[in-house]
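Residue numbers (the numbering used here), protein chains in the order written: chain A, 1 to 276; chain B, 277 to 509.
It should be emphasised that the hints constitute simulated quantities derived from the structure, not laboratory data.
In this text, a Cβ means the ideal position worked out from N, Cα and C, and glycines have one as well.
Please note that the accuracy of each hint is not assured.
[What the hints assert, rightly or not] Listed below are several chain B residues computed to face chain A (Cβ distance under 10 angstroms; list not exhaustive):
id, residue
1, 342
2, 348
3, 354
4, 356
5, 383
6, 384
7, 387
[What the hints assert, rightly or not] If you want the ones that stay clear, here's a sample from chain A, every Cβ over 12 angstroms from chain B, calculated:
id, residue
8, 22
9, 42
10, 80
11, 92
12, 160
13, 162
14, 163
15, 171
16, 173
17, 178
18, 216
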Amino acid sequence: MGLIYALVAAGLSLIFGLMDVVNFAHGELLMLAMFAVFVLRGVSGADPLLLMPVVALLLFGAGMAIYRGLIARALSVQFNRGMVQIFVTFGLAIFLRGAAQFAFGGEFKSVTGHWLADRSVNLAGVFLPLPQLAAGVVCLLAFAALLAVSRTEFGRALEATREDREAVALIGIDRDRIFALGWALGCATVGIAGAMLAGFYYVNPNVGTSFALIAYVTVALGGFGSMLGALVAGILIGEVEAVTAALFEPAWKQIGVFGIYLVVLMVRPRGLFGKL
Amino acid sequence: MLRIEGLSAAYRGLKALQGVSMEVRKGEIVAVVGANGAGKSTLLKSIAGQVATEGEIVFDGASLRRVAAHDIARRGVCLVPEGRRLFPRLSVEDNLRLGAYARRGEANRFKPLDFVFTLFPRLKERLGQRAETLSGGEQQMLAIGRALMTQPRLLMLDEPSQGIMPRLVDDILAAITRIRDTGVTVLLVEQRLAEALEISDRAYVLQTGRVVMSGAAADIAADSAVRQAYLGL
Ligand SMILES: Nc1ncnc2c1ncn2[C@@H]1O[C@H](COP(=O)(O)OP(=O)(O)O)[C@@H](O)[C@H]1O
Ligand SMILES: [Mg+2]
Chain A
1 MGLIYALVAA
11 GLSLIFGLMD
21 VVNFAHGELL
31 MLAMFAVFVL
41 RGVSGADPLL
51 LMPVVALLLF
61 GAGMAIYRGL
71 IARALSVQFN
81 RGMVQIFVTF
91 GLAIFLRGAA
101 QFAFGGEFKS
111 VTGHWLADRS
121 VNLAGVFLPL
131 PQLAAGVVCL
141 LAFAALLAVS
151 RTEFGRALEA
161 TREDREAVAL
171 IGIDRDRIFA
181 LGWALGCATV
191 GIAGAMLAGF
201 YYVNPNVGTS
211 FALIAYVTVA
221 LGGFGSMLGA
231 LVAGILIGEV
241 EAVTAALFEP
251 AWKQIGVFGI
261 YLVVLMVRPR
271 GLFGKL
Chain B
277 MLRIEGLSAA
287 YRGLKALQGV
297 SMEVRKGEIV
307 AVVGANGAGK
317 STLLKSIAGQ
327 VATEGEIVFD
337 GASLRRVAAH
347 DIARRGVCLV
357 PEGRRLFPRL
367 SVEDNLRLGA
377 YARRGEANRF
387 KPLDFVFTLF
397 PRLKERLGQR
407 AETLSGGEQQ
417 MLAIGRALMT
427 QPRLLMLDEP
437 SQGIMPRLVD
447 DILAAITRIR
457 DTGVTVLLVE
467 QRLAEALEIS
477 DRAYVLQTGR
487 VVMSGAAADI
497 AADSAVRQAY
507 LGL
């Protein structure tokens, strides 16, 4: 679970780090990815594991469209840009939730009967459910892929755009393209998380909300714009949640998470790995 | 190569340029001099597509107005801005290589690196260092180097000597001459009148957004009226 949090947070952090825009529709994109698995499985019968790359690609495209269609416009307004940004992604969140409600109804659905469903492996006496295990592995791979991308020349250009978005134009780099690709990458990341999550978690139009909340905490905890921070903080939050749920009641698990968050916030406001 | 006609620019109603006309021919070093606030930086930024303007800017027969800033750079007009605008947390090497990013897919896009290292050997010794850890002079060298990596035909330099140790100023001015000798045209904005005019072919004197004098650099250097009236020297 921690790794899923980490990956969701990584996508959020990537976009925020790149252009200081908080994507309030991040949780809804996760929900979208989960429904995409649900629908594609209904249509093709393919396994969620196979659908994962397709969903990642879909979200990649969605991210690009969101940047070009909404964010680029929001950035070009002259007055109150900060507010406009917030409301644009907020509006998108509400729109996506409403659309999902309309298309799929509000009830809880789950993707059942796939390869990994209800199976587990016995690791030295501890039974690990396979869907969760697979999700963990895929999330780690996705992280490795993100790191690999950051080392490519495109990754350098991303970093340069984050450092000085005016200066990149002077050397012929189209920052709109970099931003669009950044959104695409951030959304594809959420797509992977959502596709894996759909293997063992219920789907409904509001499912993104709680994940998004945790993602914001994860990003703040790990440090804004830090990938490694997102990974560590995500795992940490997953553990804290599990421990609180085990020690007290499951309903208390988020209290532990926010407790940790408040402590870190007071001791180290820029997060564990923050650069800002 | 570059022709500007009736160029005006304003910041929220404050006119920074008023009907500036000038010309830069291929292979020249042209200096733009003038007191602080005369509009020199605004002129360069207008050409680079960073401020909204009225009037005409023609480069190699095509208008640059309404062309996006990054496309202007791709057409071969590269500005080394005031304050240098490096990527401070990236390495010297990354800063240089990013200059060639827009030429992805071209075979010899990193070729100018050799020339940059012969111009500024210091950069070669500091490839792995973060740009922000360089001295002012080295940062200026890196900014010029990064610009050269784009393989510009017109290189615009905004006060390259600003905030630099006197000893390095000469190095940088010498480098500008060498850059011109490889066939790159240079438009140079400088506060240091004498040094700038020494390496330039022609010069324009700007005062409160207007061209008040132009001609051969040597003539302007000799004209004491220029120095007193327009540059406050
Ligand atoms: N970003 C800006 N916003 C408002 N006014 C500006 C801005 N940049 C420059 N100016 C004004 O425009 C005029 C010309 O500035 P500039 O082109 O920087 O002159 P120079 O480079 O010759 O010192 C000055 O009066 C300056 O105060
Ligand atoms: Mg200036």
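Please list, smallest to largest, the hint numbers that this structure does not respect. Going through the list in order, the structure violates hints 1, 5, 6, 7, 12, 13, 14, 15, 16 and 17 and respects the others.
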